[in-house]
Amino acid sequence: MRIEIKFGGLGGQGIITAGYITAKAAAIYDGKESAFTQDYSAEARGGASTSEVVISDEKINYPQVLHADYLIVMSQSAYNDYLYKLKKGGVLIIEEDLVKPDERAKDFKVYGIPATRFAEEIGNPIVANIVMLGFFTAVTGVVSKEAMWKSIEERIPKRFLEMNQKAFLKGYDYGQKILQESS
Amino acid sequence: MISAGKKSTMELLREEVESLLRIDRLPHVWCPGCGIGITLNAFLRALIRAKIDPNKTVVVSGIGCTGRAAGYVNMDSFHTTHGRAIPFAVGIKFARPELNVVVFSGDGDLFAIGGNHFVNAARRNHDILVIAVNNFTYGMTGGQHGPTTPTGAYTTTTPYGNPDRPFNIPHLAISLGAPYVARWTTYHLMQLQNSIYTALHRKGFRVIEVISQCPTVYGRRNEMKSPLEMMEYFRKFSVRKDDATFDEMELTYNGRIVVGVFRDVQGIPTYEERYNDIIRRAQK
Amino acid sequence: MKPGYYFWSGDIAAAEGAIFAGCRFYAGYPITPSSEIAERMALRLPQVGGKFIEMEDEIGSIAAIIGASWTGEKVMTATSGPGISLMNENIGLAAMTEVPIVIVNAMRGAPSTGLPTLVGQGDLMQAKWGSHGSYEIISLYPDSVQETFDLMVDAFNYAEKYRVPVLFLIDGMLAHMYEKIYVPPEDAVERIERKRPTKPPGEQLIYEPDEDLIPPMPRIGEGYKIHASGLTHNEKGYPELTPQAQERLIRRLNDKIRKHAEEIWKVEEYRTDNADVIVVAMGSNARAVRTAVDEARKEGIKAGLLRPITIWPFPYKYIEKYAVDYIVAEINYGQIYHKVKEYASGNVELLPKMGGELHTPQEILHALRRYKK
Chain S
1 MRIEIKFGGL
11 GGQGIITAGY
21 ITAKAAAIYD
31 GKESAFTQDY
41 SAEARGGAST
51 SEVVISDEKI
61 NYPQVLHADY
71 LIVMSQSAYN
81 DYLYKLKKGG
91 VLIIEEDLVK
101 PDERAKDFKV
111 YGIPATRFAE
121 EIGNPIVANI
131 VMLGFFTAVT
141 GVVSKEAMWK
151 SIEERIPKRF
161 LEMNQKAFLK
171 GYDYGQKILQ
181 ESS
Chain F
1 MISAGKKSTM
11 ELLREEVESL
21 LRIDRLPHVW
31 CPGCGIGITL
41 NAFLRALIRA
51 KIDPNKTVVV
61 SGIGCTGRAA
71 GYVNMDSFHT
81 THGRAIPFAV
91 GIKFARPELN
101 VVVFSGDGDL
111 FAIGGNHFVN
121 AARRNHDILV
131 IAVNNFTYGM
141 TGGQHGPTTP
151 TGAYTTTTPY
161 GNPDRPFNIP
171 HLAISLGAPY
181 VARWTTYHLM
191 QLQNSIYTAL
201 HRKGFRVIEV
211 ISQCPTVYGR
221 RNEMKSPLEM
231 MEYFRKFSVR
241 KDDATFDEME
251 LTYNGRIVVG
261 VFRDVQGIPT
271 YEERYNDIIR
281 RAQK
Chain L
1 MKPGYYFWSG
11 DIAAAEGAIF
21 AGCRFYAGYP
31 ITPSSEIAER
41 MALRLPQVGG
51 KFIEMEDEIG
61 SIAAIIGASW
71 TGEKVMTATS
81 GPGISLMNEN
91 IGLAAMTEVP
101 IVIVNAMRGA
111 PSTGLPTLVG
121 QGDLMQAKWG
131 SHGSYEIISL
141 YPDSVQETFD
151 LMVDAFNYAE
161 KYRVPVLFLI
171 DGMLAHMYEK
181 IYVPPEDAVE
191 RIERKRPTKP
201 PGEQLIYEPD
211 EDLIPPMPRI
221 GEGYKIHASG
231 LTHNEKGYPE
241 LTPQAQERLI
251 RRLNDKIRKH
261 AEEIWKVEEY
271 RTDNADVIVV
281 AMGSNARAVR
291 TAVDEARKEG
301 IKAGLLRPIT
311 IWPFPYKYIE
321 KYAVDYIVAE
331 INYGQIYHKV
341 KEYASGNVEL
351 LPKMGGELHT
361 PQEILHALRR
371 YKK
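Protein chains in written order, with the working numbering: chain S, 1 to 183; chain F, 1 to 284; chain L, 1 to 373.
Next comes chain S alone, as it looks inside the complex (with noise of 0.2 Å):
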C-alpha cells in the first residue's frame, strides 16, 4: 500500500531532517520502499519548507506526495500553504502552538502537540522535531519505534543523542496519551 507523508514548517524547524528520517527509517530499518523529496523552491517563498515522503510495500513509481495520507505542520504559513493535498479523512498533525485550524480541519483527523515548548522544556527549541517525530510514530504506527529512532541515531551527532532521545520519548508518550484519552 502506497503512503503519503507531507512535512511543513519553517527554515530552521528541521522539517527537511524530519522527511529524511522518516523515509530512511522505513527503507531501512523497517524494510519497505520509500522515497523522499525535498521542495527547493519552497525555499524561495521567505522561508518556507516541506518535505515529501512516499512509503509502500512495493517499488515507488511516482516519487512525490499526489494526496497525502499524513500532514505534518509547524507553522501556520505550511498549514495554509498545503492543507489542499491532504486527501479527505487524511491525518493531521499540528505544532498546536504555532498552528491554528480552520473549520477546513474538520474533514480531517486532526492530532495537535505543543512540539517547541516541550523541546524547550528539554532544553532546546531545536529538538522540537524529533517530538513531532515521537509523536507521529506514535500516533500514525507508519513507522515502527524502534526504526524511527533508530534512523535518528544515525542521523544526530552522538553529543546530541540524549537530547533527542528525551525529545522523541516525550513526542511519543504524550501521543500514546493522546490516543488513549482519544478512544
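Calculated from the structure, these hints are not laboratory results.
Okay, derived cross-link-like pairs now, BS3-like style, lysine-lysine, Cα gap no bigger than 25 Å in a straight line:
no., chain 1, residue 1, chain 2, residue 2
1, L, K2, S, K59
2, L, K2, S, K158
3, L, K353, L, K372
As the structure is a computational prediction, the values presented were derived from the model and not from experiment.
Take the given structure of chain S and dock chains F and L to it, following the hints.
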C-alpha cells in the same frame, strides 16, 4: 680538425635534439625566421642537459602557432583545445605527480582564452612548467591583436593602433605566487636555455615568458619587416634586471624589454604535495 | 563501500557508483543540482586513494579529466546544463581523440539558468549534438537511485571499451531524491578496462584500430610517445588535413559506436506485449507512466511503457518493433519525440512539459484514455 667517423660535441648534441623531435613530421608549419623554433630548441637542449627522462615528460599545447609545438616533440604530447592546455596538464600532473609536465603554448592561448586557467593554476601552485611564447599577436589567424599586443601597435584588428593594454605577464604570475618567473627574448638563447634548465629543477607553477618575433604578421606592420630587424630590436632594447619593479616589467610599443629571473623561491608546497596530506587525512 | 542497504540520493549514488566502477579521478565545478556529486567525491575519493579537484570552471574540469584519462585513470566530472554547454568543445576533443570519460548531467529546467533546482529533460539532444561536427557518444539515463548506481558501472565500461565520452544523464528530481539502494559486493560486477597496446613502443601506431574499429590506448609515461590532437589525424596521431584522412577518421569514430549499438542499447519494456499504445518516457519521468499503464490496463486500455535507458545511440529498433501508436512524455517541448517519429509506423503524440515537475500518473492516464478502443 675533426677526424672522419668521430662526431663532434655539436653533432652529438644535434643528434640528441633530433631524437627528441618527430623528424618524420618536418618541415614544420612555422614561417622562416619565426621565434617558436628557437624557443623549442632551447627547451629541448635544457631537457637534455637536465638529464630528464623524455619518457616521463609530457608536453601539452593549446591552439595557435606555438600550440603546434606539441606536434613536433618526440614525447607524450597533446595538442588540445584553444586555451585549455593548462587544465589538461593539471589533470595529467595531479593524476601522476611523478611525471614532468610542461605546457608550451602561446600568449593568446594562455592569457586570453585560457586566462582563467592560468590564474587559477598559478594560485593553486600546480607543479607545471609553463613556457609562454609571446609574439604580441595571433599569428595563426593572420595577425589580430591579442592580450599581449602593446598599446599603439598595428595589427589586422587594430588598423588605427591598439587601444588595448597588454598583460604584464611576469607581474601577473608573481602576484599569483608563482615560485619561478622569468622573461627572455629569443635573442637571449643561452640565458633562456639556462633558465629553462633551472626551472626544470624547481617545483611548482613555473612561468617563463619568451618574447618572440613574428615577422610575418606582426613585425611587418610595426616597422620591423624582417626577422633580423626584430632580433635587432630585442638585442638593442632589452635590459637584464632581475629585481625589476612591476612598472619596469611592463612592455610598451617598440620600447624597452626588461628581461631576467624575477622570482625564484623554493619550498612553497605544490597542490600535488598538499593533496598528499589530504589523502593521508582521509585515510586516517 | 561495504555491501548492503543504504539510503542515498541520486547524486550520492552517482558518485558511489562511479567509485564502485573504478573511477579514481574527478575534476568538477559546483552547479545545482549536481553539486552533491562533487561533495561526495571530495569526501570519498581520497579515502580510496583517488583524486578530487575543484577546478575554476567546467571547461577546466573537462580538460583536466581528459588529461588524467591519458594516464590510465577512470575519470569523471559532473555538472548540469549550463556546465555541459561550456564543456561541449572538449566533449568534441574527447570524441575526436577517443578518450574514455564519463560526464554526469543532472538536467534542470532550461534553457539558460532556467530552473536550477527543478527537473528538466531539455538536454537530451544536446547530449548527442552538443559539440560541433559529426560524432557519436553514448548516453545513459536511469530512472531510480538504484539504477543510477548500477548503471554507472555500465557507463565506465562503455567509456573504456569504446574509448568514447559517456554522457550520464540524471535529472533534478533523481539527483535530489533519496531512495533505498543495495550496494553489491565488489566482485559482483564486471569492470572493463580500456584495451592496452600489444606491441612495444615504436611499433604501435597510436591510432591504429583493431577489427572492432577501436584502437588500443597507451598511457602517458610508458614510452609510447603518444601524440593526440584535435586536428584531423592519421593512424600515427599526426595531423593530416585532407578530405581523405577526414573521411577515414570520422567514419570510424561514428561506426565504432553504430556497429556496436545493439550491445549498447538498454531499454525497459513494461507491459508492451499486445499493447495498442505505448508511452515513451525516460528517467524519473518514466516512473509515473508505470502507474498510469497499470491503471489504464485495469480500464481495458492496452497500454505499455517503453523506457530508453540508452538514449544515444538511440535504440530505434525498439520503436520499429511495435506497430502501435506512441505517446512521448518528456519534460521539454519535443526532443526524443522526433526520434520516435522517425521510426514509428503509427501515430506519435507529444505530451510535453516545459520543466519544473514530472508528469503525474493522472496526466499520463488522461492521455492514454484517448486510445481506448
